[in-house]
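J.: What follows is each chain in one-letter form.
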Amino acid sequence: MASVWEYANPRKFMHTSDWLLPGVAWAAAVVTTVGLVWGFFFTPDDFRQGSTVKIVFLHVPSALMAINAWIMMLVASLIWVIRRHHVSALAAKAAAPAGLVMTAIALITGALWGQPIWGTWWVWDPRLTSFLILFLFYLGYIALWSSIEDPDTGADLTAVLCLVGSVFALLSRYAAFFWTQGLHQGASLSLQPGTRMDWAYKAPLYISMVGFGLIFLALVLLGTRTEIRARRMKALLTRERMN
Amino acid sequence: MIALLTRDLRLALRAGGGFGLGLAFYLILAVLVPLGVGPEPTVLAAIAPGVLWVGALLACLLSLDRIFALDWEDGSLDLLATAPIPLEGVVTLKALAHWITTALPLVLAAPVLGVLLNLPAPAYGWLVLSLLLGTPALSVIGTFGAALTVGLKRGGLLLSLLVLPLYIPTLVYGAELVSRGALGLPVSTPLALLAGITAGSVALLPFASAAVLRINLR
Amino acid sequence: MIALLTRDLRLALRAGGGFGLGLAFYLILAVLVPLGVGPEPTVLAAIAPGVLWVGALLACLLSLDRIFALDWEDGSLDLLATAPIPLEGVVTLKALAHWITTALPLVLAAPVLGVLLNLPAPAYGWLVLSLLLGTPALSVIGTFGAALTVGLKRGGLLLSLLVLPLYIPTLVYGAELVSRGALGLPVSTPLALLAGITAGSVALLPFASAAVLRINLR
Amino acid sequence: MELRLTDIACARGGVPLIAGLSLTLRAGHALVLRGPNGCGKTTLLRTIAGLQPPLAGTVDLPPDAVAYAAHADGLKATLSVAENLRFWAAIYGGGDIAPALARMNLTDLAERAAQNLSAGQKRRLGLARLLVTARPVWVLDEPTVSLDAASVALFADAVRAHLAGGGLAVMATHIDLGLDEARTLDLTPYKAQRAGAGGADSFDEAFL
Amino acid sequence: MELRLTDIACARGGVPLIAGLSLTLRAGHALVLRGPNGCGKTTLLRTIAGLQPPLAGTVDLPPDAVAYAAHADGLKATLSVAENLRFWAAIYGGGDIAPALARMNLTDLAERAAQNLSAGQKRRLGLARLLVTARPVWVLDEPTVSLDAASVALFADAVRAHLAGGGLAVMATHIDLGLDEARTLDLTPYKAQRAGAGGADSFDEAFL
Ligand code: HEM
Ligand SMILES: Nc1ncnc2c1ncn2[C@@H]1O[C@H](COP(=O)(O)OP(=O)(O)OP(=O)(O)O)[C@@H](O)[C@H]1O
Ligand SMILES: Nc1ncnc2c1ncn2[C@@H]1O[C@H](COP(=O)(O)OP(=O)(O)OP(=O)(O)O)[C@@H](O)[C@H]1O
Ligand SMILES: [Mg+2]
Ligand SMILES: [Mg+2]
Chain A
1 MASVWEYANP RKFMHTSDWL LPGVAWAAAV VTTVGLVWGF FFTPDDFRQG STVKIVFLHV
61 PSALMAINAW IMMLVASLIW VIRRHHVSAL AAKAAAPAGL VMTAIALITG ALWGQPIWGT
121 WWVWDPRLTS FLILFLFYLG YIALWSSIED PDTGADLTAV LCLVGSVFAL LSRYAAFFWT
181 QGLHQGASLS LQPGTRMDWA YKAPLYISMV GFGLIFLALV LLGTRTEIRA RRMKALLTRE
241 RMN
Chain B
1 MIALLTRDLR LALRAGGGFG LGLAFYLILA VLVPLGVGPE PTVLAAIAPG VLWVGALLAC
61 LLSLDRIFAL DWEDGSLDLL ATAPIPLEGV VTLKALAHWI TTALPLVLAA PVLGVLLNLP
121 APAYGWLVLS LLLGTPALSV IGTFGAALTV GLKRGGLLLS LLVLPLYIPT LVYGAELVSR
181 GALGLPVSTP LALLAGITAG SVALLPFASA AVLRINLR
Chain C
1 MIALLTRDLR LALRAGGGFG LGLAFYLILA VLVPLGVGPE PTVLAAIAPG VLWVGALLAC
61 LLSLDRIFAL DWEDGSLDLL ATAPIPLEGV VTLKALAHWI TTALPLVLAA PVLGVLLNLP
121 APAYGWLVLS LLLGTPALSV IGTFGAALTV GLKRGGLLLS LLVLPLYIPT LVYGAELVSR
181 GALGLPVSTP LALLAGITAG SVALLPFASA AVLRINLR
Chain D
1 MELRLTDIAC ARGGVPLIAG LSLTLRAGHA LVLRGPNGCG KTTLLRTIAG LQPPLAGTVD
61 LPPDAVAYAA HADGLKATLS VAENLRFWAA IYGGGDIAPA LARMNLTDLA ERAAQNLSAG
121 QKRRLGLARL LVTARPVWVL DEPTVSLDAA SVALFADAVR AHLAGGGLAV MATHIDLGLD
181 EARTLDLTPY KAQRAGAGGA DSFDEAFL
Chain E
1 MELRLTDIAC ARGGVPLIAG LSLTLRAGHA LVLRGPNGCG KTTLLRTIAG LQPPLAGTVD
61 LPPDAVAYAA HADGLKATLS VAENLRFWAA IYGGGDIAPA LARMNLTDLA ERAAQNLSAG
121 QKRRLGLARL LVTARPVWVL DEPTVSLDAA SVALFADAVR AHLAGGGLAV MATHIDLGLD
181 EARTLDLTPY KAQRAGAGGA DSFDEAFL
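Chains as they are written, first to last, in this note's numbering: chain A, 1 to 243; chain B, 1 to 218; chain C, 1 to 218; chain D, 1 to 208; chain E, 1 to 208.
Quick caveat, the hints were computed from the structure, so don't treat them as lab data. Do not take every clue at face value.
[To be verified] As a list, the in silico DSSO-like pairs of lysine-lysine whose alpha-carbon atoms are at most 30 Å apart:
1. A/LYS54 / A/LYS202
2. D/LYS122 / E/LYS191
3. E/LYS122 / A/LYS234
4. D/LYS122 / E/LYS122
5. A/LYS234 / A/LYS12
6. A/LYS234 / D/LYS122
7. E/LYS191 / D/LYS191
All chains, full assembly: derive it from the sequences and hints.
T.: Next up, the structure:
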């Protein structure tokens with residue numbers, strides 16, 4: 001069997017993603033639509049939260065993907081540092097905006113949800129706080145990429161930032177939970193999946209989660225392809241300048 | 001190698017070297033907050049630990065770009081990179097110089113500013129202790145951020161944005177330590193965590209800083 | 001002369017130009033204060049007007065030294081001084097560019113950060129209004145301070161210390177306006193005073209700034 | 001159009017450097033200042049450009065006549081070559097930048113950011129700025145530093161065209177500018193001798 | 001002690017500038033690089049000094065042998081001349097600064113702050129830094145900019161003494177250094193032709 005590393009070759013990657021991307025994109029659209037439509041229109045209202053509970057079908061999948069995107073960036077950065085496959089650095093670069101969007105969706109849907117449930121858009125609950133911090137990490141990571149001209153230098157620096165940042169992100173999350181001990185009001189109000197949520201909610205929720213995962217995959221593939229094209233363009237321009 | 005430290009200290013003390021910049025900022029913050037928030041002693045006392053820690057952190061944050069930027073601009077950093085001292089040593093000494101010139105004055109000034117903010121009496125000791133324990137981490141983390149952005153065009157902004165999330169655990173434990181101290185609650189957990197973060201950053205981050213500096217210089 | 005404004009705006013928007021620096025600082029402050037002070041919504045709501053105003057003021061203060069320092073260092077200021085445009089015009093446009101690139105984003109971001117700090121609902125309009133009214137004064141006063149310290153060796157520190165006292169009236173009336181608005185009290189007095197300060201500084205200070213700039217360049 | 005210095009003395013950091021210098025330069029003529037390092041060439045040029053007052057004597061010049069170019073070129077690293085030049089053209093009353101770019105051989109580099117220029121290219125841009133000012137008096141401090149031979153020739157041509165158009169130029173340099181027709185003035189004889197001689201600061205004098 | 005470049009190619013900002021350059025320089029010899037503005041002299045010198053990796057080829061040098069001096073002199077404006085020099089001496093393992101000061105005719109200025117030096121005096125201080133490094137390989141970018149004739153002679157003497165002591169030197173310049181014995185290399189023939197030639201970035205190649 002061919003090694004997975006051969007997809008680190010940009011040409012091979014472009015070739016494969018050429019037919020993979022449309023499939024993933026369509027699947028993402030279909031699965032997400034099914035999950036969201038089922039969730040919004042074909043589930044009963046919660047007896048305490050009313051119809052606002054349905055925002056969970058956007059909120060939880062996006063929150064999940066926001067964290068997974070960071071994990072993917074971490075893995076891709078490690079691959080770049082250890083094996084120096086350019087495609088993996090570009091994939092990490094492409095994952096960041098997607099993760100940022102997911103984080104933003106989680107924050108916004110959470111705020112929209114919080115208004116009717118808690119009576120306020122925002123509380124400094126540990127989970128919310130650690131998400132805000134994650135948002136800042138994404139912003140910093142993207143800003144660092146965008147301010148470095150040389151692509152390899154950018155890949156190196158952002159990879160180190162991602163590694164160091166991951167450690168501190170974990171520390172921050174732990175710190176946030178430590179900090180508001182006994183104060184936070186979130187958990188008591190939230191539904192605990194598995195304990196109180198029944199299948200009428202769970203099934204569409206899982207479907208939307210898969211849908212969001214596919215959306216994320218499609219975005220990363222698309223972003224990586226764009227980055228590879230940009231590199232090719234730059235190389236061509238350079239070559240032209242030489243002649 | 002000690003020459004680097006003495007040079008940095010001397011430069012900071014000379015006119016324009018930026019010594020006292022952080023201190024002035026800290027003082028300004030302590031004056032502005034009561035003016036903005038209003039003079040009620042109970043409100044001030046409640047927020048004093050947090051404000052004093054946030055102020056110290058911002059004062060460190062704002063002086064970070066001096067760590068490498070000046071040496072970069074006048075070409076010294078290129079020359080240091082070709083000099084016979086390891087870059088790990090350079091970044092450690094730079095962090096130490098930053099701590100001595102920026103953080104140490106803050107630690108010493110904090111109790112005085114505590115008076116301005118009605119900090120409760122039992123908290124003074126904890127304030128100084130927490131800053132003494134936490135600021136080395138701020139300097140070392142900041143040096144990492146400065147090394148990451150040296151020579152970059154969007155330096156200042158980017159530096160704050162990158163370093164801020166890294167500062168959060170230190171801030172949380174530091175401020176929590178003082179708040180608990182003020183209320184007479186047990187402090188051993190935040191104390192241990194704060195010490196742990198500082199020890200870990202001081203031991204490990206210089207290697208990361210030297211690595212990114214090397215990447216940036218090439 | 002409009003070329004100077006467009007150049008400054010363009011420079012600010014380019015990488016490294018410092019656009020967003022003040023904004024990032026403002027955001028950082030709004031995140032750090034709750035982390036340091038603790039999450040209680042009542043405490044946060046009580047200090048929110050003050051913190052938001054102090055933050056805006058500090059963000060302006062910290063970006064002041066960019067107004068002239070960069071032009072001084074690369075020699076542009078010497079060249080501008082020998083160019084056929086009056087220095088009064090130069091300082092006014094510099095202040096305007098500072099306001100557009102630093103203060104205006106703060107005004108726009110303030111309501112969002114108000115959410116993070118649990119600002120009471122009735123205060124949002126007053127917050128934006130007070131900042132919109134007060135920040136031009138901050139920019140003009142700051143330009144005066146920057147002109148006073150251009151080329152000085154201890155620029156940054158001195159600038160903060162000089163400008164801070166000049167900023168205090170604006171801060172006090174601005175924060176008071178928002179606090180009163182939050183509580184539904186009458187706001188006409190601080191409103192009138194704030195508007196008066198801004199009108200007065202915008203009309204008169206440019207002449208003082210041009211005069212000190214002329215002295216500094218010689 | 002004429003530049004007249006009458007019994008000029010100038011100082012830097014409170015130390016008098018030059019004293020008793022008088023000269024007249026008419027339109028169409030160029031003056032090259034020479035002298036060892038630290039003799040006060042930069043200081044004298046700043047005085048002529050009006051950036052610092054003379055210690056004694058007078059500088060006679062029509063108002064708004066000087067274009068000054070020093071070691072620092074006043075370039076913004078993040079702006080492109082054309083943007084930098086267009087800004088200065090606008091400040092000095094508009095005018096097209098294309099001829100200046102062409103004259104200094106910068107047309108190909110017009111869209112390059114100033115920070116990505118080599119040392120000599122930066123200097124050429126600094127000189128192109130002079131061309132867009134349309135000012136008659138050029139005051140130049142070591143204008144050809146970092147320039148290669150071809151660029152020095154471009155510079156000499158530009159100065160000649162400027163003189164032919166009724167301008168005048170004062171330049172300090174240590175190297176050959178390729179301008180044989182220019183008058184050369186060695187500043188060594190005008191060294192300020194003692195604080196007492198040649199117009200030291202009279203206020204300081206009161207303390208001696 | 002020997003500097004050997006083997007089939008070097010180097011680039012700046014992703015654009016290859018020099019390709020296919022090989023040369024060997026033995027102890028006691030000096031090499032002067034020449035070429036028009038923007039041809040890549042600065043880039044090549046930075047590559048030799050190890051500040052940027054070559055695009056292709058190898059630079060053979062003993063470790064820790066290079067002393068590099070560029071346009072920026074690495075001076076701290078607020079430190080005095082002696083303090084600046086003492087710092088670099090300490091970094092390079094101590095050693096007395098008095099001979100270096102004397103050699104560059106800076107002894108009188110030793111207590112002056114670096115910001116109060118004239119352009120040429122600053123440059124002399126930058127060159128004095130080379131003397132205290134005690135490094136055998138000097139890599140110098142336009143070392144005599146702003147120097148007057150006497151100082152250029154001082155510089156040439158310093159280089160000759162360095163060569164006589166078993167050192168070697170590579171210098172880029174546009175003007176006369178007063179070193180007639182040095183070998184001169186014009187970089188024009190080594191201009192990188194196309195991205196394909198002389199080792200362009202192989203990753204970029206993969207995209208074409
Ligand atoms: C801006 C505000 C909010 C943010 C940033 C936020 C963030 C998060 C995060 C990070 C998760 C964890 C996902 C995971 O671990 O897989 C989550 C899950 C969840 N959130 Fe929110 N949330 C916010 C507001 C709310 C509100 C107002 C509610 C409703 C009362 C809510 C209900 C839930 C539920 C039910 C879950 C899934 C179950 C669980 O993991 O416990 N969230 N949210
Ligand atoms: N603060 C100061 N105190 C005493 N002397 C000073 C001070 N500042 C500058 N100087 C001296 O004044 C002189 C500056 O002269 P200037 O810069 O005009 O020289 P220059 O002729 O342009 O030299 P170069 O050819 O090196 O550029 C130098 O000798 C310098 O040492
Ligand atoms: N980012 C970039 N993109 C394209 N070209 C660049 C970039 N940065 C620099 N260059 C070009 O690379 C060359 C830099 O060469 P270098 O500075 O080595 O020249 P040099 O031979 O030292 O010239 P000088 O004699 O003027 O000092 C210049 O032609 C410059 O325009
Ligand atoms: Mg000079
Ligand atoms: Mg060069």
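J.: Hint by hint, say whether it matches the structure.
T.: These are the hints, each one checked on the structure:
no.: 1; hint: A/LYS54 / A/LYS202; in the structure: 12 Å, holds
no.: 2; hint: D/LYS122 / E/LYS191; in the structure: 21 Å, holds
no.: 3; hint: E/LYS122 / A/LYS234; in the structure: 40 Å, violated
no.: 4; hint: D/LYS122 / E/LYS122; in the structure: 21 Å, holds
no.: 5; hint: A/LYS234 / A/LYS12; in the structure: 19 Å, holds
no.: 6; hint: A/LYS234 / D/LYS122; in the structure: 24 Å, holds
no.: 7; hint: E/LYS191 / D/LYS191; in the structure: 48 Å, violated
In summary, the structure is inconsistent with hints 3, 7 from the numbered list given earlier, while agreeing with the others.
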